[in-house]
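2 protein chains.
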Amino acid sequence: MDSARLWEGHRRRLEAYLQGLVFSEDPRLKRLVEAMRYSMLAGGKRVRPTICMESARVFGADPAHVLPSAAAVELIHTYSLIHDDLPAMDDDDFRRGRPTCHKVFGEALAILAGDAFFGEALTLITVHQDGTPEQILEVVRELADSTGVNGMVGGQVMDMMYTGTGGGDPETLHMIHAFKTGALIKSSARIGAILAGASVEEQENISEYARELGFCFQIVDDILNATSTTERLGKSAGSDAEQGKVTFVGVYGLDGARRAADESLARAVEALRRIEGDTAGLEQLALFVRHREH
Amino acid sequence: MDSARLWEGHRRRLEAYLQGLVFSEDPRLKRLVEAMRYSMLAGGKRVRPTICMESARVFGADPAHVLPSAAAVELIHTYSLIHDDLPAMDDDDFRRGRPTCHKVFGEALAILAGDAFFGEALTLITVHQDGTPEQILEVVRELADSTGVNGMVGGQVMDMMYTGTGGGDPETLHMIHAFKTGALIKSSARIGAILAGASVEEQENISEYARELGFCFQIVDDILNATSTTERLGKSAGSDAEQGKVTFVGVYGLDGARRAADESLARAVEALRRIEGDTAGLEQLALFVRHREH
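As they're listed, the protein sequences go chains H and P. Oh and the first sequence: position 62 is 62 in full-length UniProt numbering, straight run, nothing missing. Oh and the second sequence: position 44 is 44 in full-length UniProt numbering, straight run, nothing missing.
For the record, the hints were derived by calculation from the structure and aren't laboratory data. None of the values given here were measured: they were computed from a predicted structure. Hints are supplied without guarantee of correctness; some may be wrong.
Copies of the same chain look alike in the list, so a pair counts if it fits in one copy or across any two.
Mimicking DSS-like on lysine-lysine, the simulated pairs with C-alpha atoms at most 30 Å apart in a straight line are [what the hints assert, rightly or not]:
#1 LYS245 <-> LYS30
#2 LYS103 <-> LYS245
#3 LYS45 <-> LYS103
Chain H on its own, in the form it takes in the complex:
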């Protein structure tokens, strides 16, 4: 099967799984569920869950086996987007081509929809994911690592803190993105590997791939924010410079950022070479991440 069809297959399965998540049938919670489903089903690239599924496949499991955990990762990612878009944070009006959650449902419900995703993600993993207790626990530990002070949240805090200061050394820039986006992408790949029963060494190799993929993803995000249009991106273009964010383009310049993206891509592909099994799909993903236009 060629790589494009492989990814399309993962994606279709994931969308169907997410469609089936209803959370509650109680009419009193209808509005909350609507807010959650609005954000969860807004499309998006689904990079994290599909990487989780493909990682499982590379290490010999059926990608469908890890669907609950793959969906959980996407719920957590969705929660972070909802909160990052809030007026008190990045104050973004558009996301994935549609008005942001708080624009449609109000701030209170947006905060709460984000909060609810965390508990629901844990339910998917601890109730619906098959695996040994050790494996499931390892999956939860991955999410714990990537969502706390030394993960997603810490990254967002640093991102905000350095915004508008005109500062931003390369070390801080790398730390922001390793925490903010890298941690969850890495966890996604590791979770697929863990649930497929991959060895610790295999987990390390896929981690390195995912780490570099995460950097590449962010560098390209920064490049696109600086060079693309709002229409094409489905979110506000040019907002990084406007807000004075610390970005790869800001620190290294446009050419420097492009070089850095190429280097991350090369290192990601190199890590794949050390993995036995069919890594063509993961390699194609890395190329897609580098060369995507939105």
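Dock chain P against the given chain H, drawing on the hints supplied.
Showing chain P alone in chain H's frame:
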């Protein structure tokens, strides 16, 4: 040992444990850590963690054994308080006798401090809590149950939704509080029991106790909000009526609410009678919850 000293002992151990939680030493995350510690170390009654520790003791474990999980429950409770106090939600300026987190650190950092607590709570449980993988997984499942759409978050949504509508039937009132405060209190008791190796039947008995204790706690909260002063409560008195919240006092009147609190207390004590072992401490807690003045 008398009950008062027992609870004081749990509390002192917990405070010392929380004091030791630093989350990060990185200067770039100092402000986030400050916001988290400001809220986490603001005192408070510590009902949830101490009930978790006492539940463990009743079923034969050393209370110190469950400290990481007890602390995790308190972190999650703290996160819910921070978010509930936000301007977009209950818009409260005072909590536990001090300015609320967003008043001191700003809205963005308050949202993020809340978010970070969830990941950190999971780390405490999955990295620092001793127990079999099955037990730890059961603990995570408890938290998943009590923090999602059908737990804390759903309760807060319903609470907000009915605020100011003048409505609020008894069924909705009970559902709001079973979700909003009851779920996590029940989980706290269950987690202590699970980690002590209690049987399913024992877990059920302690659940029933905790469920009634949770109701009693909330009813008394509503009574105090209607009858006490801001100075004594350490949070805004009279705010429920001002905002048109659905409360036990609103639905049943002050006398009716007092009767309901007494009935919950009686049912809680009855559930304890079915538990073998020294439940005098838990009984005293129920009495304290019923008769507290702040």
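Consistency of the hints with the structure:
{"no.": "1", "hint": "LYS245 <-> LYS30", "verdict": "between (37 Å within a copy, 20 Å between copies)"}
{"no.": "2", "hint": "LYS103 <-> LYS245", "verdict": "both (23 Å within a copy, 25 Å between copies)"}
{"no.": "3", "hint": "LYS45 <-> LYS103", "verdict": "within (22 Å within a copy, 37 Å between copies)"}
The earlier numbered hints are all upheld by this structure, with none contradicted.
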